[in-house]
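Let the sequences and hints guide you as you build the complete structure.
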Amino acid sequence: MLLKITEAFARFIKRNPLWFIIIAVIISLTAIPGITMLKAETGFASLVSPESDIYKDNARYEASFGGEPFTILLKGEIEEVLSPANLSATAEFEEFVCDDERYCCITGPVALLEIATGQLYKQNPQAIEMAAFDTTGRLNPLLQPLVVDDKHVLMLVTPVGNMSDDESLKAARALEDFFEANPLTGVEATVISDAGLINAISVSMGTDIAILLGLSVVVMLIILMISFRVHWRLLSLVMVGISALWTFGLMGYLSVPLSMATMAVLPILIGLGIDFSIQFHNRYQEEIARCGSVEEAIVISISRMFPIVGVALLATIAGFITLYISEVPMIQDFGFMLAVGIIISYLVSLFLLHSIVYLADKRTPVEKLKIKSKQASGRIEAYLAKLGRMAIHHTGWIIIVALVFAIAGGTVDNWLPTNTDYEELMPQDEPALVEMRYLREITGSGGQIRFLVEAEDVTSFEVLAWMNDFQQQAAADHPEIISIDSPATLITQATDG
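Going by the numbering used here, the letters in the sequence shown line up with residues 31 to 527, in that order.
Errors might be hidden in some of the hints.
Calculated pairs, DMTMM-like style, for lysine to aspartate or glutamate (alpha carbon to alpha carbon, straight line, at most 20 Å) [as the list claims (entries may be wrong)]: (1) Lys69 - Asp207; (2) Lys34 - Glu325; (3) Lys69 - Glu197; (4) Lys34 - Glu317.
Simulated from the structure, these hints should not be mistaken for laboratory data.
Since the model is a prediction, treat every value here as computed from it, not as a measurement.
In structure tokens, the structure reads:
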């Protein structure tokens with residue numbers, strides 16, 4: 031019964047090869063716009079599920095207080111940074127930030143002085159300089175939080191919360207564009223942001239994946255040329271290329287982002303998908319040597335192989351679907367796209383490859399095809415026959431060796447270290463990473479830990495007292511904490527304790 035069904039299916043493919051080629055061309059053309067819709071996402075959203083508490087808490091925090099601040103590092107002598115000309119440019123920059131809806135607030139020299147004194151200095155650079163230094167030339171203590179040392183001054187720009195990676199990167203680059211158009215005199219301004227670092231990781235991984243893809247294609251090409259000595263031997267590689275085109279086009283239409291994981295789909299798909307094409311193509315060549323016509327060879331090849339390869343397909347899909355156990359969105363996307371990609375590879379191999387081979391060979395005398403088939407497969411089949419006989423005679427040892435390696439692999443797998451530092455995923459000489467580490471070095475800070483405190487009245491004595499006790503205990507328990515800022519800290523400073 032099954033054989034009759036598979037033979038009927040094979041004859042259906044044999045009767046409509048031209049239609050399958052036309053459909054494949056249409057789908058390929060349709061997939062191209064989808065590829066242009068692909069967007070990279072390597073930030074927080076790709077690592078944490080939107081359903082998790084940490085994601086929801088972070089979204090609530092950013093909705094109220096904005097996103098991760100952009101740091102502008104001003105390198106130069108303090109007197110030069112706070113000169114009238116540069117303070118005037120700084121005032122213009124702060125005004126630019128305040129007028130742009132992409133930013134919540136800015137902490138800079140002019141903004142601090144205006145908040146502290148209640149005066150407006152933006153139109154009078156000399157007044158700003160007088161407010162920045164006292165009569166003896168000493169720096170105003172109000173500016174001390176922004177002055178790292180005598181050659182570095184900071185400004186912090188907080189963007190609105192819950193931006194996408196792309197929006198955050200554009201907001202950071204807008205700050206860079208301002209200083210390129212309005213350079214400071216004798217002072218270098220560098221914009222440092224997590225958005226820039228994440229983009230550098232995306233670019234770096236994209237470059238690496240492109241290189242890996244190129245190497246994969248070259249290796250597959252060499253293997254096919256040397257070992258797969260059949261007529262139309264490179265057709266399998268073309269089938270995989272079409273499968274990849276359809277897969278990534280579908281990713282674009284389904285809005286599946288390109289992440290650190292999904293970027294790896296392409297080279298893996300080439301390695302796995304080409305197996306289907308080779309199996310179908312090789313079986314057809316074997317049938318050519320035995321059958322009396324191309325039509326008969328195609329029908330027998332498809333009817334015998336597509337259910338067998340289909341079982342292998344289902345097993346592969348089951349393995350990829352298990353990746354949904356992970357709560358990391360990009361791992362789920364990785365498993366989904368691999369499963370979809372391998373299904374597409376199977377369908378392309380089944381319908382398109384057989385259609386092309388049939389149309390290409392049906393006008394060639396079958397005796398000529400038989401001679402080519404025997405010449406191509408004789409050496410390989412002789413080697414595989416010896417390997418097969420050896421496997422039959424030593425099945426017990428093969429099972430033992432397989433079990434030993436499986437147990438050993440499962441044991442050693444637990445020894446693998448886990449790395450959650452995304453900075454290790456990029457070249458260590460990447461400018462964005464070098465700037466970030468330089469900032470940490472001069473400030474002595476590795477970053478900030480933020481707490482969202484919610485209460486009926488966060489200014490009540492009970493809440494402020496709890497804050498004060500909590501931060502004192504945190505500082506005592508964790509010497510790596512170098513400073514703490516909170517409403518309790520500000521009130522304590524204002525009231526001398």
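Each hint, compared with the structure:
1. Lys69 - Asp207: Given that 20 Å is the threshold and the Cα spacing comes to 23 Å, the pair is violated.
2. Lys34 - Glu325: Status holds; Cα separation ~16 Å.
3. Lys69 - Glu197: holds (12 Å)
4. Lys34 - Glu317: holds (18 Å)
In summary, the one numbered hint that this structure violates is 1.
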